[in-house]
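So the chains spell out like this:
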Amino acid sequence: MVDSSAFPTGKNFRGFEPQTPLQIAANIMSSQITDRKDSFSIAGREYTSRLLVGTGKYKDLAETRDAIKASGAEIVTFALRRTNIGQSQDEPNLLDAIPPDRYTLLPNTAGCYDAKTAVRTCRLARELLDGHNLVKLEVLGDEQTLFPDVVATLEAAEELIGDGFDVMVYTNDDPVMARHLEELGCIAVMPLAAPIGSGLGIRNRLNIRTIVENAKVPILVDAGVGTASDAAVAMELGCDGVLMNTAIAAADDPILMASAMRKGIEAGREAYLAGRMPARRFASASSPLEGLFF
Amino acid sequence: MNIFINGEQTPVPDRLSMGSLIVKLDLAGQRLAVEVNEELVPRSTFAEYRLQENDSVEIIHAVGGG
Chain Y
6 MVDSSAFPTG KNFRGFEPQT PLQIAANIMS SQITDRKDSF SIAGREYTSR
56 LLVGTGKYKD LAETRDAIKA SGAEIVTFAL RRTNIGQSQD EPNLLDAIPP
106 DRYTLLPNTA GCYDAKTAVR TCRLARELLD GHNLVKLEVL GDEQTLFPDV
156 VATLEAAEEL IGDGFDVMVY TNDDPVMARH LEELGCIAVM PLAAPIGSGL
206 GIRNRLNIRT IVENAKVPIL VDAGVGTASD AAVAMELGCD GVLMNTAIAA
256 ADDPILMASA MRKGIEAGRE AYLAGRMPAR RFASASSPLE GLFF
Chain G
2 MNIFINGEQT PVPDRLSMGS LIVKLDLAGQ RLAVEVNEEL VPRSTFAEYR
52 LQENDSVEII HAVGGG
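Here the protein sequences come in this chain order: Y and G. So for the first sequence, the numbering used here puts the first residue at 6; every next one is plus one. So for the second sequence, the numbering used here puts the first residue at 2; every next one is plus one.
One thing to keep in mind: the hints can contain errors.
What the hints assert, rightly or not - The calculated EDC-like cross-link candidates involving lysine to aspartate or glutamate, where the alpha carbons are at most 20 Å apart (straight line), are: (1) Y/K74 - Y/D258; (2) Y/K221 - Y/E163; (3) Y/K221 - Y/D179; (4) Y/K62 - Y/D119; (5) Y/K121 - G/E36; (6) Y/K121 - G/E39; (7) G/K25 - Y/E96; (8) Y/K62 - Y/E275; (9) Y/K268 - Y/D258; (10) Y/K121 - Y/D154; (11) Y/K268 - Y/D101; (12) Y/K121 - G/E40.
What the hints contain is simulated information worked out from the structure, not anything from laboratory work. Owing to the predicted nature of the structure, the values given are computational and were not obtained by experimental measurement.
Put together the whole structure using the sequences plus the hints.
Structure (C-alpha cells):
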C-alpha cells in the first residue's frame with residue numbers, strides 16, 4: 006500500500022508551525038489572482054490546463070481524441086516511429102486527432118536509449134512539425150524500470166539546447182539532477198513519480214517537493230501516476246503540472262478517467278494555493294467548548 | 002541500385018530523387034520527416050536530393066505515445 010498520509014503537502018505546510026498573517030494574506034491574494042487566470046508558461050506561451058497527456062495505448066484514434074478532450078489538456082505528447090510503407094493513404098493519422106492549431110504538440114523521444122538517437126528524433130520532429138522547437142526529451146537507461154539514463158540525458162539536452170530546441174526533460178526524482186538540467190537551460194524539468202506506466206503514484210514526495218522548491222523553471226511530474234488522487238498530490242506538492250498517459254488510457258473507462266484527472270489536477274492546485282491547515286497530532290474540537298448546557 | 006527504406010532493402014532507379022521516392026511510395030502530401038544515413042533531409046530539398054547506392058532512408062511519422 007502507498008502511504009498517502011506520511012507527508013502533508015501544500016505550499017504553506019511547514020511542519021506544525023502556524024502560518025503568519027502575512028503568509029495567509031499572500032495566499033489569499035495569489036488565489037484571487039489565479040481564480041481568474043491561474044496559468045503557467047512554457048516556451049513563452051501561457052496554459053491554463055496543468056494536465057498534459059500522452060496519446061499511446063488507446064483503442065483507436067476516436068478514443069484518443071475523446072480522452073484528450075475530456076482531460077482538458079492543451080499540451081499533448083506523441084512519439085515518432087517508422088511510417089508503414091505500402092499502407093493505405095487513407096489511414097487516419099494521429100495528427101488528425103490532435104490538430105496542431107488546437108493543441109501544443111510535444112514530440113517525445115520515447116524509446117531512445119542514447120543521446121544520439123534522442124537528438125536525431127528531435128530533429129525529425131522539428132521537420133515533421135515545420136520548425137516547431139518544443140520537445141520532450143527522455144533518454145532511457147533500463148528496460149525493466151524505464152528509468153532515465155541521466156548521463157545521456159544531460160548530453161542530449163546540451164546538444165539540443167545548442168541547436169535551438171526548447172527542451173522539457175524527463176528525469177528521475179533527484180533534486181541534484183533536476184538542478185543540473187535547469188542550469189543547462191532546459192525550460193521545464195519533469196521528474197518521474199514512479200516508473201513509466203506503473204501507476205504506483207508518487208514514490209518520493211519529499212524529493213518532488215525539494216525539486217519544486219529549488220526550481221525556477223516549471224516542474225511537472227511525468228510518469229507513474231495511477232489515479233486522480235496521485236495527480237492531486239503532485240499538485241499539492243507545488244508542481245506546475247502533471248504529464249500522464251497510461252493512467253488514462255489503461256483505465257476501464259478512459260474518457261471518465263480523463264475527466265477525473267482533470268478534476269484531480271484542479272483540486273490539487275487549488276488546495277496548494279489555498280494553503281493547507283497545519284497537521285497536528287491530537288484532536289482539536291470543531292464545535293465551541295463554551296456554552297455547553299450539559 | 003539498392004537502398005534501404007525503413008530497414009527493408011529495396012531496388013530503385015539510379016540517382017532517384019527523394020521527391021520521386023516519396024511519390025513512388027504513395028506518401029506525397031503526408032505528414033512525415035525523412036533522414037538518410039542518420040542525417041535529416043529537409044522537405045524543401047526533396048526535389049534535388051539524389052539517393053545513392055546503399056543509402057539508408059528512414060521515413061518517420063507521428064504515432065501515439067506518452
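Now for the hints, and whether the structure bears them out:
1. Y/K74 - Y/D258: Holds. Y/K74 to Y/D258 sits at ~14 Å (cutoff 20 Å).
2. Y/K221 - Y/E163: Satisfied, since the Cα-Cα distance of roughly 18 Å is no more than 20 Å.
3. Y/K221 - Y/D179: 16 Å, holds
4. Y/K62 - Y/D119: 24 Å, violated
5. Y/K121 - G/E36: 14 Å, holds
6. Y/K121 - G/E39: 10 Å, holds
7. G/K25 - Y/E96: 17 Å, holds
8. Y/K62 - Y/E275: 30 Å, violated
9. Y/K268 - Y/D258: At roughly 16 Å apart (the allowed maximum being 20 Å), Y/D258 and Y/K268 satisfy the hint.
10. Y/K121 - Y/D154: With Cα atoms ~13 Å apart, Y/K121 and Y/D154 stay inside 20 Å; holds.
11. Y/K268 - Y/D101: 27 Å, violated
12. Y/K121 - G/E40: 11 Å, holds
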